[in-house]
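Dock chains S and U against chain H, hints included.
Each chain, written out:
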Amino acid sequence: MKRIQIAENLEFSQIIHGLWRLSEWKMTSEQLVTFIEECIDLGITTFDHADIYGGYTCEEIFGKALALKPELREKIQIVTKCGIKLKSSKFPELKMNHYDTSKEHILMSVNNSLENLQTDYIDLLLVHRPNPFMNPKEIAEAFNQLHSEGKVRYFGVSNFLPSQFNALQAYLNMPLVTNQIEVSPMQLEHFEKGTIDLLLEKDIAPMIWSPLAGGQIFTSQSESAVRVRAMLEEISSEIGANSIDEVMYAWLLAHPAKMMPIVGSGKIERVKTAVESTKLRMSAEQWLRIYVAGMGHNLP
Amino acid sequence: MKRIQIAENLEFSQIIHGLWRLSEWKMTSEQLVTFIEECIDLGITTFDHADIYGGYTCEEIFGKALALKPELREKIQIVTKCGIKLKSSKFPELKMNHYDTSKEHILMSVNNSLENLQTDYIDLLLVHRPNPFMNPKEIAEAFNQLHSEGKVRYFGVSNFLPSQFNALQAYLNMPLVTNQIEVSPMQLEHFEKGTIDLLLEKDIAPMIWSPLAGGQIFTSQSESAVRVRAMLEEISSEIGANSIDEVMYAWLLAHPAKMMPIVGSGKIERVKTAVESTKLRMSAEQWLRIYVAGMGHNLP
Amino acid sequence: MKRIQIAENLEFSQIIHGLWRLSEWKMTSEQLVTFIEECIDLGITTFDHADIYGGYTCEEIFGKALALKPELREKIQIVTKCGIKLKSSKFPELKMNHYDTSKEHILMSVNNSLENLQTDYIDLLLVHRPNPFMNPKEIAEAFNQLHSEGKVRYFGVSNFLPSQFNALQAYLNMPLVTNQIEVSPMQLEHFEKGTIDLLLEKDIAPMIWSPLAGGQIFTSQSESAVRVRAMLEEISSEIGANSIDEVMYAWLLAHPAKMMPIVGSGKIERVKTAVESTKLRMSAEQWLRIYVAGMGHNLP
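Chains as they are written, first to last, in this note's numbering: chain H, 1 to 300; chain S, 301 to 600; chain U, 601 to 900.
Next up, chain H with everything else stripped away, as it sits in the complex (with noise of 0.2 angstroms):
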C-alpha cells in the first residue's frame, strides 16, 4: 500500500484503521492482537483513536493488546485526539458534552490516552473539534510540553475549517500535520467551505472520517442516496470494482490532496474492500460525475 509522507520523520499507511466502535466488537486482547496483525499484513498501519471512543474505554481495550505483544508498537502509527469532555461518570459534573482545549485538560487527556493505550508515545495528537472558546496560545503551551516530554511526535486538527486552522497554526512553532475530516460523495461540505484548498495549498494530507457516509449510501431512500447509489453503481462496473463501497474509497484515494480514509469495521473482510479499492483506477471525468452526483447539479 502507497505510504504518505505526513511529516519529515512520520509516514502513514493510505488507509488507515479507525476504533471508534472498538468496544462494540467484543474482541478478547488475544482477538484484537490478531486483527492488528492482520491489518498490519494488508499493509494498514496507522490507526486512530480518540479518548471519548466507546464512552473513555476503545483506547484502554487497544491498550490491553498491545501490553500483550509490545513488539507491535514500532510497527504502527498511534494517532489519538483530545479536547471533547462527555458528561460521563468520567465527569459527573457536565450538564452537556462540550469541548475543553484547555492546556490541563490537554495534557490530563494525553497522560490518560498513555496510560489506557499501554504506550510511551503517541505519534499524532489532534484537537477533537473546533472550539468557539478556544485559546490558541494556551493549545500551544500544551503542545509544546507535550513534544518537549516525548509523549506526542506530532500535531494536527479535526474538523477545522481555514480560518480556525490557521489562528491555531499562528501560535505553533511546528506545522499542523493533518486535518482529519469528513468527506463522500454524500458530504461535499469541506470542498465548498475552502478546507480541501487550504490542505492543497500547504501540502497537508487529510485523514477522512465517514468516507462511506455512516452506510447511509447502502440503505437510505433519500433522493441524494439514490442519485449517488446509482451513480457508484455506473462507475463500478466501468472500472471493475467489487462493490460500491470500493468506489468510495478509490474516489477518495484519487483525489490530488492526498486523502486518508478511515476504515471502521472490526471485520477483517471489510476492510479488505478498502485495501482492495487501492488498485482501482478512476478517471478524472469519472471522479467529477460522482462529484455531480453528490452535488445534485451539473457542474456550471
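Keep in mind that the hints were calculated from the coordinates and are not lab data. Each hint should be verified, as a subset may be incorrect.
[Claimed, not checked] No farther apart than 27 angstroms at their CA atoms in a straight line, the calculated lysine-lysine pairs in the DSS-like style are these:
#: 1; chain 1: H; residue 1: K202; chain 2: U; residue 2: K703
#: 2; chain 1: S; residue 1: K403; chain 2: U; residue 2: K664
#: 3; chain 1: S; residue 1: K437; chain 2: U; residue 2: K802
#: 4; chain 1: S; residue 1: K369; chain 2: H; residue 2: K137
#: 5; chain 1: U; residue 1: K858; chain 2: U; residue 2: K669
#: 6; chain 1: H; residue 1: K258; chain 2: H; residue 2: K279
#: 7; chain 1: H; residue 1: K103; chain 2: S; residue 2: K326
#: 8; chain 1: H; residue 1: K2; chain 2: H; residue 2: K267
#: 9; chain 1: H; residue 1: K279; chain 2: H; residue 2: K26
#: 10; chain 1: H; residue 1: K103; chain 2: S; residue 2: K558
#: 11; chain 1: S; residue 1: K558; chain 2: S; residue 2: K302
#: 12; chain 1: U; residue 1: K737; chain 2: H; residue 2: K193
#: 13; chain 1: S; residue 1: K403; chain 2: U; residue 2: K737
#: 14; chain 1: U; residue 1: K879; chain 2: S; residue 2: K437
#: 15; chain 1: H; residue 1: K137; chain 2: S; residue 2: K502
#: 16; chain 1: H; residue 1: K202; chain 2: U; residue 2: K695
#: 17; chain 1: S; residue 1: K493; chain 2: U; residue 2: K802
#: 18; chain 1: U; residue 1: K695; chain 2: S; residue 2: K502
#: 19; chain 1: H; residue 1: K137; chain 2: S; residue 2: K493
#: 20; chain 1: H; residue 1: K258; chain 2: U; residue 2: K703
#: 21; chain 1: H; residue 1: K69; chain 2: H; residue 2: K202
#: 22; chain 1: H; residue 1: K193; chain 2: U; residue 2: K802
#: 23; chain 1: H; residue 1: K202; chain 2: U; residue 2: K802
#: 24; chain 1: H; residue 1: K103; chain 2: S; residue 2: K369
#: 25; chain 1: U; residue 1: K703; chain 2: H; residue 2: K193
#: 26; chain 1: S; residue 1: K403; chain 2: U; residue 2: K879
#: 27; chain 1: S; residue 1: K493; chain 2: H; residue 2: K103
#: 28; chain 1: S; residue 1: K437; chain 2: U; residue 2: K695
#: 29; chain 1: H; residue 1: K151; chain 2: H; residue 2: K64
#: 30; chain 1: H; residue 1: K279; chain 2: U; residue 2: K695
#: 31; chain 1: S; residue 1: K493; chain 2: S; residue 2: K437
#: 32; chain 1: S; residue 1: K493; chain 2: H; residue 2: K193
#: 33; chain 1: S; residue 1: K302; chain 2: S; residue 2: K369
[To be verified] What follows is a list of derived Cβ distance ranges for each label pair:
#: 34; chain 1: H; residue 1: E223; chain 2: U; residue 2: L694; range: 17 to 27 angstroms
#: 35; chain 1: H; residue 1: P300; chain 2: U; residue 2: E608; range: 41 to 51 angstroms
#: 36; chain 1: S; residue 1: E538; chain 2: H; residue 2: W25; range: 33 to 43 angstroms
#: 37; chain 1: S; residue 1: G596; chain 2: U; residue 2: K690; range: 49 to 59 angstroms
#: 38; chain 1: H; residue 1: G150; chain 2: U; residue 2: K793; range: 36 to 46 angstroms
#: 39; chain 1: S; residue 1: K387; chain 2: H; residue 2: N144; range: 51 to 61 angstroms
Glycine included, every Cβ here is placed at the ideal spot set by N, Cα and C.
For chains S and U alone, kept in the frame of chain H given last:
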C-alpha cells in the same frame, strides 16, 4: 480593571464607554464632566465615538465637557470613526445614507472630529463599515497623512470581515489595531464567519458593540431570546452574578480574544454593572452552554 | 482608452472584447479583420477567447482573420482558456461536460489553441473554472512547460474563489495575473465571497464577464431587474449617459479594483457604447445606490 495593550504605546480599559446616545441624555457639560470622572474612577478610561453619532452631535457635546476640564484629555483614550455619510442637513444633497472612504472625506471627517471634540489628537480612528467601493490604497494615504500630522495615533476598522480586513491591511505600513464588531449570545455571526479566528490569529483585541444585544434580551419573547435568557439566568445563579447583564459581559470578558465590551449607558449604575462583571469567573463549560443556547443546537 | 498594467510586460485595454459568440455572427474573414481593426481604432486591443467557445470553433474563425492580416498579431493581446471538456464530437466518449486540469489536457488544449488561432504565442492563459479535482502541482508543471516553450506569456484563472486562487498560486513560481469573474449590479456574489477583496489585496485587475448581466437587465420583469433598471435609468440621467448599458460599464470602470469589462457584441455600435462609457464619471454615492439596488436592501 484589566487594561488591554492595543498597540506599542496604547492601552485601553477592558470595559469601554460608548457615547452613541449621548445626545439623548440631555446632560449639561458639568454633568458630563462628572460622568466622565465617575467612569475614570471605575477604571473606564476609553471612550468610543463616531462622527455620525447623534446625527453629528455627540462628539461636540463631549468636546464641550473636555473644554471645561482639559486635564481630562490625558487621562482618557478617544476612539472615533469615519466613513459613513448620513442623509442629513450636513449632507443635504444625499439620496440615501452611504459610505465614503475617499481620502478627501476621511481627512475632512477627522478635522471635524478634532474640532468637535476640542482635542489635538484622536487615539484611534476606525473605518466604520466595510465599503464595497473601498479603495484601500486611498485609505492608506489618508491614514499616513493623518498619522504624520499627529492627528491620529492608531487606526482600526469596524464590522470588517476577514477578507476586507486583509485587503486594507495590505496597503498600510502599520498594523490595524482593532476590529469593532457586534458580539453577544444573540449575535454569533463573527464566530461563524472567521472574524474572531482572524483576530486570534493576529492577536488583535476586538471592541464589542451591542454586548447586551441592544437590550432585546430583557424583553423579547422570540424563541431564541427566551432560550438564551433562561440560560443566562441559570449561569447567573451558578457564578453569583447580580443580573443577566453581568453574565453577558462576563461571557465576553472570559473569551481568549481579549474582547472589550462597549457599555452605552448614561446611567452610572448601569456602567457599574459592567464593571462588576469583571470580577466574575466563568468556566469553559458555562461559556459553551451560553454559546449553545445562542446557536439553538448542540455542539457537534 | 486607459490601459491596465497586468504584468511587468503586459498591458490590457480597460475594455476587452470577448468572442464567445463569434461563430454566430457569420462574418467572413475579411469582415472580421475589419471588425478587429475597428476595435483597435477604438482603443480595444485585448481579445478574450476560450478553447470551447462556439463548440471549439471561435478560435479557428479568429485565426483565419489573423492569417489574412498577420501584422494584427503584434497590435493585440490574446487571452484564451482551458480546463473544460464539452461533450461533443471532439470528445465523443464523454457522458457529461466536465473539467480536465491535467497536465496532458492543458498542453493539448494550448497546442490546439495556438494552431486554431494561427499564432505562436498566447498572451494570457486562464484556467476556465475551479475544478474540485484540481491538482495545483500538475497545473504548475503544465504552466512552467508552456512558459519555457514560449507558448504562453502569462497565466491566470477564471471564476476562482479566494481559497482556490491561493491553492493554485502556492505552486506557481509566477503570480497569477488576473481572475476573470462575473460582476454586474445583478451579480454581486464576488463582493460577498471575498473574491474582489483578495484582488484588491494583491493588486490584481479582474476581467469581468457578463457586465450587462447577459442582457436580462433590458427585458426581465423580475423584481430585482425592475429595481436595478429603474436605478440605472435614474443614474443615467444624472451622469449624462446615453443608455443604461453605459451606466453598467461605468459602474464597473469606477470601481477601485481596476475592473476590465468584456464586451461580447459583434456589432461595432454596441462596442462603441462600452467605449463611450469610459468618459463617464460616477460618484461614490451613485455607485453605492446602484449596489444597493442590486442587493435589494439598504446599507447597514
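Status of the hints after comparison with the structure:
no. : hint                                 : in the structure
1   : H:K202 to U:K703                     : holds, 21 angstroms
2   : S:K403 to U:K664                     : violated, 50 angstroms
3   : S:K437 to U:K802                     : holds, 11 angstroms
4   : S:K369 to H:K137                     : violated, 42 angstroms
5   : U:K858 to U:K669                     : violated, 32 angstroms
6   : H:K258 to H:K279                     : holds, 15 angstroms
7   : H:K103 to S:K326                     : violated, 50 angstroms
8   : H:K2 to H:K267                       : holds, 22 angstroms
9   : H:K279 to H:K26                      : violated, 32 angstroms
10  : H:K103 to S:K558                     : holds, 18 angstroms
11  : S:K558 to S:K302                     : holds, 10 angstroms
12  : U:K737 to H:K193                     : holds, 21 angstroms
13  : S:K403 to U:K737                     : violated, 42 angstroms
14  : U:K879 to S:K437                     : holds, 23 angstroms
15  : H:K137 to S:K502                     : holds, 11 angstroms
16  : H:K202 to U:K695                     : violated, 33 angstroms
17  : S:K493 to U:K802                     : holds, 21 angstroms
18  : U:K695 to S:K502                     : violated, 48 angstroms
19  : H:K137 to S:K493                     : holds, 21 angstroms
20  : H:K258 to U:K703                     : holds, 18 angstroms
21  : H:K69 to H:K202                      : violated, 38 angstroms
22  : H:K193 to U:K802                     : holds, 21 angstroms
23  : H:K202 to U:K802                     : holds, 19 angstroms
24  : H:K103 to S:K369                     : violated, 48 angstroms
25  : U:K703 to H:K193                     : holds, 26 angstroms
26  : S:K403 to U:K879                     : holds, 23 angstroms
27  : S:K493 to H:K103                     : holds, 26 angstroms
28  : S:K437 to U:K695                     : violated, 48 angstroms
29  : H:K151 to H:K64                      : holds, 19 angstroms
30  : H:K279 to U:K695                     : holds, 24 angstroms
31  : S:K493 to S:K437                     : holds, 25 angstroms
32  : S:K493 to H:K193                     : holds, 11 angstroms
33  : S:K302 to S:K369                     : holds, 26 angstroms
34  : H:E223 to U:L694: 17 to 27 angstroms : holds, 25 angstroms
35  : H:P300 to U:E608: 41 to 51 angstroms : violated, 32 angstroms
36  : S:E538 to H:W25: 33 to 43 angstroms  : holds, 40 angstroms
37  : S:G596 to U:K690: 49 to 59 angstroms : holds, 52 angstroms
38  : H:G150 to U:K793: 36 to 46 angstroms : holds, 45 angstroms
39  : S:K387 to H:N144: 51 to 61 angstroms : holds, 55 angstroms
Of the numbered hints stated above, those contradicted by the structure are hints 2, 4, 5, 7, 9, 13, 16, 18, 21, 24, 28, 35, listed in ascending order.
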